[in-house]
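Protein chains: 2
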Amino acid sequence: MKSIRVFCPGTIANVSCGFDVLGLSLAGVGDYMTVTQTATKGITISEILGQDLPLETTQNVAGVAGLALLEALESDAGFDIKIDKRIKAGSGIGSSAASSTGAVWAINHLLGNPFTTKELIPFAMEGERLASGVAHADNVAPALLGGFTLVRSTDPLDVISLPSPGELYATVIHPQIEIKTADSRRILKSNLSLKDAITQWGNLGGLVAGLYREDYELIGRSLQDVVIEPIRSILIPGFTEIKEAALNAGALGGGISGSGPSVFALSKGKDNALKVADAIRNVYEPFGISFDIHISNINKKGVYPA
Amino acid sequence: MKSIRVFCPGTIANVSCGFDVLGLSLAGVGDYMTVTQTATKGITISEILGQDLPLETTQNVAGVAGLALLEALESDAGFDIKIDKRIKAGSGIGSSAASSTGAVWAINHLLGNPFTTKELIPFAMEGERLASGVAHADNVAPALLGGFTLVRSTDPLDVISLPSPGELYATVIHPQIEIKTADSRRILKSNLSLKDAITQWGNLGGLVAGLYREDYELIGRSLQDVVIEPIRSILIPGFTEIKEAALNAGALGGGISGSGPSVFALSKGKDNALKVADAIRNVYEPFGISFDIHISNINKKGVYPA
Numbered sequence: 004m005k006s007i008r009v010f011c012p013g014t015i016a017n018v019s020c021g022f023d024v025l026g027l028s029l030a031g032v033g034d035y036m037t038v039t040q041t042a043t044k045g046i047t048i049s050e051i052l053g054q055d056l057p058l059e060t061t062q063n064v065a066g067v068a069g070l071a072l073l074e075a076l077e078s079d080a081g082f083d084i085k086i087d088k089r090i091k092a093g094s095g096i097g098s099s100a101a102s103s104t105g106a107v108w109a110i111n112h113l114l115g116n117p118f119t120t121k122e123l124i125p126f127a128m129e130g131e132r133l134a135s136g137v138a139h140a141d142n143v144a145p146a147l148l149g150g151f152t153l154v155r156s157t158d159p160l161d162v163i164s165l166p167s168p169g170e171l172y173a174t175v176i177h178p179q180i181e182i183k184t185a186d187s188r189r190i191l192k193s194n195l196s197l198k199d200a201i202t203q204w205g206n207l208g209g210l211v212a213g214l215y216r217e218d219y220e221l222i223g224r225s226l227q228d229v230v231i232e233p234i235r236s237i238l239i240p241g242f243t244e245i246k247e248a249a250l251n252a253g254a255l256g257g258g259i260s261g262s263g264p265s266v267f268a269l270s271k272g273k274d275n276a277l278k279v280a281d282a283i284r285n286v287y288e289p290f291g292i293s294f295d296i297h298i299s300n301i302n303k304k305g306v307y308p309a
Numbered sequence: 004m005k006s007i008r009v010f011c012p013g014t015i016a017n018v019s020c021g022f023d024v025l026g027l028s029l030a031g032v033g034d035y036m037t038v039t040q041t042a043t044k045g046i047t048i049s050e051i052l053g054q055d056l057p058l059e060t061t062q063n064v065a066g067v068a069g070l071a072l073l074e075a076l077e078s079d080a081g082f083d084i085k086i087d088k089r090i091k092a093g094s095g096i097g098s099s100a101a102s103s104t105g106a107v108w109a110i111n112h113l114l115g116n117p118f119t120t121k122e123l124i125p126f127a128m129e130g131e132r133l134a135s136g137v138a139h140a141d142n143v144a145p146a147l148l149g150g151f152t153l154v155r156s157t158d159p160l161d162v163i164s165l166p167s168p169g170e171l172y173a174t175v176i177h178p179q180i181e182i183k184t185a186d187s188r189r190i191l192k193s194n195l196s197l198k199d200a201i202t203q204w205g206n207l208g209g210l211v212a213g214l215y216r217e218d219y220e221l222i223g224r225s226l227q228d229v230v231i232e233p234i235r236s237i238l239i240p241g242f243t244e245i246k247e248a249a250l251n252a253g254a255l256g257g258g259i260s261g262s263g264p265s266v267f268a269l270s271k272g273k274d275n276a277l278k279v280a281d282a283i284r285n286v287y288e289p290f291g292i293s294f295d296i297h298i299s300n301i302n303k304k305g306v307y308p309a
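Chains A and B supply the protein sequences, listed in that same order. In this text, residue positions in the first sequence follow this note's numbering: the first is 4, and each later residue adds one. In this text, residue positions in the second sequence follow this note's numbering: the first is 4, and each later residue adds one.
Simulated from the structure, these hints should not be mistaken for lab results.
Pairs of lysine to aspartate or glutamate, DMTMM-like flavour, derived with a Cα cap of 25 Å:
{"hint": "1", "chain 1": "A", "residue 1": "K198", "chain 2": "B", "residue 2": "D158"}
{"hint": "2", "chain 1": "A", "residue 1": "K304", "chain 2": "B", "residue 2": "D218"}
{"hint": "3", "chain 1": "B", "residue 1": "K198", "chain 2": "A", "residue 2": "D199"}
Taking the hints into account, I'd like the entire structure generated from these sequences.
Listed below in structure tokens is the structure:
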């Protein structure tokens with residue numbers, strides 16, 4: 004039977020001033036997934052390495068996303084999924100989105116691409132609905148399309164691929180603490196001042212322009228979040244120290260990845276990203292919290308055969 | 004003595020989702036100004052055609068902006084200004100900004116360009132301070148730099164020139180009613196919902212991307228203001244009818260120009276902009292309010308010798 008192995012990228016959602024709209028795809032952090040066509044209608048998940056996650060199709064985001072795709076096609080095809088999970092669940096770098104998008108991309112590929120990659124987004128969003136209760140596109144859009152993506156609107160869905168300047172590198176620290184999604188949502192205020200909103204959309208405009216112009220200085224000046232970060236960062240021990248260390252080491256800017264606990268910094272060039280990683284490591288070790296650090300350029304391809 | 008005549012463009016500030024950050028410069032609407040070097044230190048205003056505005060230097064935005072520039076240079080130079088005012092005061096298409104920017108651009112030119120055009124923005128902003136009490140850059144930035152401009156930040160000032168797709172045309176209706184600046188400010192709410200703010204910055208991101216991609220459909224989808232327009236439009240009789248007529252006639256989108264009362268629509272191509280003008284004229288005549296309609300492409304040059 005036909006089979007394909009794919010790389011399922013980690014992603015950073017809520018990129019600084021782009022809360023709920025801007026995400027990016029990582030090259031150096033992701034899962035691997037092998038999808039094999041079977042003779043039996045439906046989806047089975049026969050193996051998950053690296054994480055303790057449900058094998059039951061309807062309880063697994065990859066299964067749910069894949070089923071949504073098959074249903075839309077009214078397909079009688081069957082697929083088995085094996086997942087080599089390398090992104091930790093709850094890390095804030097799109098673990099569930101990696102699985103959802105890998106499944107729909109691979110199944111669509113094995114079926115001869117009845118859908119464009121962009122058209123796969125709503126199916127992958129069904130995986131997010133299972134994972135978090137909300138069918139959001141913040142992680143699945145960059146995971147599928149690669150690079151930076153802007154979710155201009157969710158109803159109707161309107162996702163725009165933005166350019167990714169080639170020398171942009173992310174340094175991501177994942178402090179191994181648990182932040183409950185419910186807590187990270189509840190802590191947000193439902194209102195904000197017009198003044199802060201203007202600052203935020205000015206920065207988002209600057210960031211989008213910076214990506215088009217490949218203007219790293221402008222990207223850096225625009226990576227400011229005056230709305231969400233001041234609130235959510237309270238839930239991340241050492242956030243202030245991490246960010247300060249990153250900026251002092253030459254990062255362009257940074258913020259909370261997704262709803263945390265991971266924190267990211269963007270830098271121009273791999274050398275700078277490595278220096279930023281060293282600075283973060285030095286400042287975070289005294290906290291006594293286990294952590295991983297990833298250094299990665301931007302993945303422009305999204306999910307791809309690997 | 005040296006002399007120059009310049010075109011001082013009208014401008015649209017608060018372009019839809021870009022409240023307080025996004026402006027554009029008009030090609031077909033503007034003042035003319037003649038600035039002549041004199042032997043006496045300081046600035047005189049010897050003639051204003053078309054409007055009843057103060058000739059006293061410190062009471063006129065052109066005078067104040069010019070003096071700010073001369074002061075920064077510690078210059079002993081003197082200049083006389085004659086203004087052919089074609090933009091009506093209080094129209095919402097940058098009448099004061101046209102005068103402020105024309106003065107500083109022409110004086111800087113006659114002095115051999117000690118400042119870059121971008122560096123002139125803060126001097127022109129002093130004219131805005133006189134006109135409205137606030138030294139804002141929303142109109143003077145596009146008037147000086149041309150095209151679309153993003154004021155990412157005012158403190159420190161950070162203005163970014165954005166591309167202007169060549170087929171973009173503005174249709175502007177100026178209903179001849181007076182809206183007091185104080186009223187148009189007071190009516191705004193100081194808070195908004197996070198949901199609306201996200202919609203707004205998603206649209207701003209989409210609009211900036213649309214300008215870079217020359218994607219007229221995306222520009223159109225992004226020209227939505229869910230924050231300011233629903234409130235300020237109450238002050239403009241017939242706003243809803245104007246906007247509906249424009250969209251039905253094929254406009255990409257539109258909104259309030261500045262703080263009104265002018266209303267603008269953007270269209271792809273001059274023919275469409277003319278159709279939009281006809282549709283607006285037809286729907287507005289029954290209101291019994293005098294009005295002007297301007298059809299203009301985007302002025303990419305800003306202030307220029309004319």
